[in-house]
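K.L.:
Each chain is listed here by its residues.
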Amino acid sequence: MAGRALSEIARLLNLPLKGEDVEIAGVNTLEGAGPHELSFLANPKYSDQLAATGAAAVIVRPEHAGDVRRALVSENPYRDFGRALALFAAPQGSWRGVSPLASVDPTASLAEDVTVYPFAFIGPRVVIGAGSVLFPGCYVGEDCRIGSGTTLYPNAVLMAGVEVGDGCIIHPGAVLGADGFGFARTAAGIEKIPQVGRVSLGDKVEVGANSAIDRAALDTTRVGSGTKIDNLVQIGHNVRIGQNSLIVSQTGVSGSTRIGDNCTLAGQVGVAGHLRIGDNVTLGPQAGVARDIPSNRVMGGSPAVDQGTYMRTLALMPRFPELFRRLSSVEKALAAQNAEHPKED
Amino acid sequence: MAGRALSEIARLLNLPLKGEDVEIAGVNTLEGAGPHELSFLANPKYSDQLAATGAAAVIVRPEHAGDVRRALVSENPYRDFGRALALFAAPQGSWRGVSPLASVDPTASLAEDVTVYPFAFIGPRVVIGAGSVLFPGCYVGEDCRIGSGTTLYPNAVLMAGVEVGDGCIIHPGAVLGADGFGFARTAAGIEKIPQVGRVSLGDKVEVGANSAIDRAALDTTRVGSGTKIDNLVQIGHNVRIGQNSLIVSQTGVSGSTRIGDNCTLAGQVGVAGHLRIGDNVTLGPQAGVARDIPSNRVMGGSPAVDQGTYMRTLALMPRFPELFRRLSSVEKALAAQNAEHPKED
Amino acid sequence: MAGRALSEIARLLNLPLKGEDVEIAGVNTLEGAGPHELSFLANPKYSDQLAATGAAAVIVRPEHAGDVRRALVSENPYRDFGRALALFAAPQGSWRGVSPLASVDPTASLAEDVTVYPFAFIGPRVVIGAGSVLFPGCYVGEDCRIGSGTTLYPNAVLMAGVEVGDGCIIHPGAVLGADGFGFARTAAGIEKIPQVGRVSLGDKVEVGANSAIDRAALDTTRVGSGTKIDNLVQIGHNVRIGQNSLIVSQTGVSGSTRIGDNCTLAGQVGVAGHLRIGDNVTLGPQAGVARDIPSNRVMGGSPAVDQGTYMRTLALMPRFPELFRRLSSVEKALAAQNAEHPKED
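Going line by line, the protein sequences match chains A, B and C. In terms of my numbering, the first sequence opens at residue 1 and continues consecutively. In terms of my numbering, the second sequence opens at residue 1 and continues consecutively. In terms of my numbering, the third sequence opens at residue 1 and continues consecutively.
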């Protein structure tokens, strides 16, 4: 990380600086930061760490500006810390150009400042926008379209016809546009239904390491702008996901399901096929979804139910042995009563 | 997609054509199809869409042949639509040959019309049959044998000694033949048990994107002909899977388990090690299997039980709070009775 | 496998040999072994197979040394069988050298006997220790450090700054050091929090095929020496895992969680973020962990509870319908009693 003046950081983030200027070499946690590092306080729970921090400066909310030697004053310290980080973040690779060790089809159209590392493969009629970077081992199949400012990390795979918007990040080993899982059982065995559709991502989409998004059977599997997909996630054929949704690691979404905007699917969630999930839906970890979910719901469990119901059910689970014991006691008491007061018939 | 006469499609699929001939440019859903596209009706539930479709022709069962302008009459419209799709499906890559940018060991034996893309690696003594295609970034380790008409998509990995039959598809990033997870805990820590076995696939097997099938500890991990494995599936060492089974995404099968023919394991299923699963077994999504399962069973839940039992248990789950309330009422009523009619002893 | 004298194997493993010498060509199960193969008996349950085995020799505990024609006598037959296997295990690739088809930055520092296969990429300032082997398609980003005797199998990815110790195995397609899943929701959408930390593995660590270990947001995601990670596992940013732990396939560990030494996480386990899991903790298959766990616990279920409680709860699950029936009977009996003995009020 190259150093920057704190005053310059304040100017770039458009935040008031309280305290004298200093050279900042990097960013760190309150606990770990040294005398040339910038830190932040997002959670007031940790405000007692402000007194002890060795940080040169801290991004804080206005009420904490007086608690540190130097403060950058922010209404959203976590977000502004992210922006500060971006000033110091080294890129994954510093090399620029189109390597003679890459394989680029002569009919592909690359904007002038596209970077293509060695051993990347770019097929016929591919179009790649300005400033995009393709790391080693990437495969970009025939007729793919990649926007500007997009990064394909090592060994990312875009099968034929995949479209990726601007400012996207495809993490290592992610596979976009492999065949959906479509088969017909017949008397003679299993016949493959050819998958001839595509995958299309909006802008600022991330796809995590070794995740897979299948091409549609006929039309298009779509992921909306701003949606972020974590590692090892499976998105089936014909799925449509809206904008600004978060799909956490190892989640699977089955074919033809639609998920709205601003949803959060926690880790290891499973969603069955052909469902409609609304906007602003949150699914807890390991949830299993087999029914449509309207907008603005928080659900948990497998099969998923309203989060409140799920939490109450969980609380009762360890009490099953007690339940059986109490029921047996009641039955015995009743039997004893009936022995004393036999029914007349 | 290049166009074809509808009459030619009828002839190739061996289906009667009702209506005059027309040029077909592609295939689509009933809703999406235009005046030069072929569609299909598989589910009679959607038969009311026949009146409104813009499709040039529709593959239908005999009873619906009169409902559309042009019909291809079929006993299995879904399967025949798949066959029609195959006529129009463009391959993932149109290039053919053995690239000088590939690394092919001189002792490897390739049939004359094998295609090897740039940056594919083929090790010593590998044998590859006629018409097989290896995309960029594939790795084929020493002594592997690949049949004819098989495709390895980008970055697929076959470790040493893996055997793949005819007509198989290994999707991008799939790994066949990595070490099984075999370790011995000792006082000194964990010692690796070397894994020296192999992986063998039958014919017409598919392995999904980023799935992993481990080599056996000593002998062979086997997947039978016609079995289709989806994305991000884990198959442990020494596992044997029969023919024409479907293993859906993110399922894991632990070491030494045997699974029969014509099984379906839905998404995110987990099967413990050293089990025997019979033929024609269906496991619902997220099922967890810790015991042997005889043939012809449908199971669900974790741990998996008979599907009927599972569905009944699920239906009762939301009623636990009610159960506790009702039991408390009974206990109070009994206590009140006993206060009125104290037991003589 | 090249043959070895049984007496030489006995000497190398430091085990007493009972019986005359013989040439051993390989290793196999008791059932499968032929007259030039070595086998083992680890589980006394299978001791009746000793009489029938065709093996040339068997590694057995002292009490079984008289039951076979030739015995290697061991206190830990499974571990010593592993050691015998290691004598016969062929490496995944026999080629050695630095391929002119690899891309090695001139500022990278490789010990003299490092092997780099074709199409591997090694970035600026990378340091690789003696005897390490990089298979085709590996990517080693800027400033990575790899110890000695470490293997990177095909298409393994080490993003910038990743550190891997001595004697590690990174299986095909594993990704170390991709961005953690860190985002801030704002009114304008989702903003990425840059991830600028690293991944560091100790010695003798294995990372399975297509697994992912994310770089820390700020500091370091750590995996301790001797820990073995299976295929398709997700390790989130800032996680710390101790030594000699086993993380089985398709498990996910969320960000900032710490796991101790000698733990075992079975397959498809999910662990939430920011938790502390002690030493010697065992989590059963598909467990879901949302709370801290002290050392020396065995837990199961989702949410995970003590294994005994989990097993008792599981045993009661199929009895829910019975529970509802019995409660209804009790309620009816009480109602009948009250009709006969009405409460005086």
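Hint data in this document are derived by calculation from the structure and do not stem from the laboratory. Since the model is a prediction, treat every value here as computed from it, not as a measurement. Any given hint could be a false lead.
If several chains are the same, the list does not tell them apart, and a pair holds so long as it fits within one copy or across any two.
What the hints assert, rightly or not - Below, computed lysine to any residue pairings styled on SDA-like, alpha-carbon distance capped at 25 angstroms: (1) Lys-192 - Pro-321; (2) Lys-45 - Pro-62; (3) Lys-45 - Leu-101; (4) Lys-192 - Arg-240; (5) Lys-192 - Ala-5; (6) Lys-18 - Leu-87; (7) Lys-45 - Ser-328; (8) Lys-192 - Leu-334; (9) Lys-332 - Ala-25; (10) Lys-45 - Gly-131; (11) Lys-192 - Leu-6; (12) Lys-332 - Ser-47; (13) Lys-332 - Asp-105.
K.L.:
Evaluate each hint against the coordinates.
P.N.:
Hint-by-hint comparison with the structure:
In this assembly of identical chains, the alpha carbons of Lys-192 and Pro-321 never lie at most 25 angstroms apart, being 49 angstroms within a copy and 42 angstroms across copies at closest. Only within a single protomer do Lys-45 and Pro-62 lie at most 25 angstroms apart by alpha-carbon distance; the minimum there is 16 angstroms, versus 62 angstroms between protomers. Proximity of Lys-45 and Leu-101 under a CA criterion of 25 angstroms is satisfied in neither setting, with 53 angstroms inside one chain copy and 55 angstroms between copies. Proximity of Lys-192 and Arg-240 under a CA criterion of 25 angstroms is satisfied in both settings, with 23 angstroms inside one chain copy and 22 angstroms between copies.
Proximity of Lys-192 to Ala-5 under the C-alpha cut-off of 25 angstroms is restricted to the inter-copy arrangement: shortest distance 23 angstroms between copies versus 61 angstroms within a copy. Taking identical chains as interchangeable, the C-alpha atoms of Lys-18 and Leu-87 lie at most 25 angstroms apart only when both belong to the same chain, with a minimum of 20 angstroms there against 67 angstroms between chains. Taking the shortest Cα distances, Lys-45 and Ser-328 never come within 25 angstroms of each other, neither inside one copy (48 angstroms) nor across copies (41 angstroms). For the identical chains of this complex, Lys-192 and Leu-334 are neighbours neither inside a copy (62 angstroms) nor across copies (61 angstroms), given an alpha-carbon limit of 25 angstroms.
Proximity of Lys-332 and Ala-25 under a CA criterion of 25 angstroms is satisfied in neither setting, with 75 angstroms inside one chain copy and 70 angstroms between copies. In this assembly of identical chains, the alpha carbons of Lys-45 and Gly-131 never lie at most 25 angstroms apart, being 41 angstroms within a copy and 49 angstroms across copies at closest. For the homomeric pair Lys-192 and Leu-6, the shortest alpha-carbon distance between copies (22 angstroms) is at most 25 angstroms, but the shortest distance inside one copy (61 angstroms) is not. For a Cα distance limit of 25 angstroms, the shortest separation of Lys-332 from Ser-47 qualifies neither inside one copy, at 58 angstroms, nor across copies, at 50 angstroms.
In this assembly of identical chains, Lys-332 and Asp-105 lie within 25 angstroms of each other by CA distance neither inside one copy nor across copies; the values are 83 angstroms within and 80 angstroms between.
Hint compliance for this structure: hints 1, 3, 7, 8, 9, 10, 12 and 13 are not met, and every other hint is.
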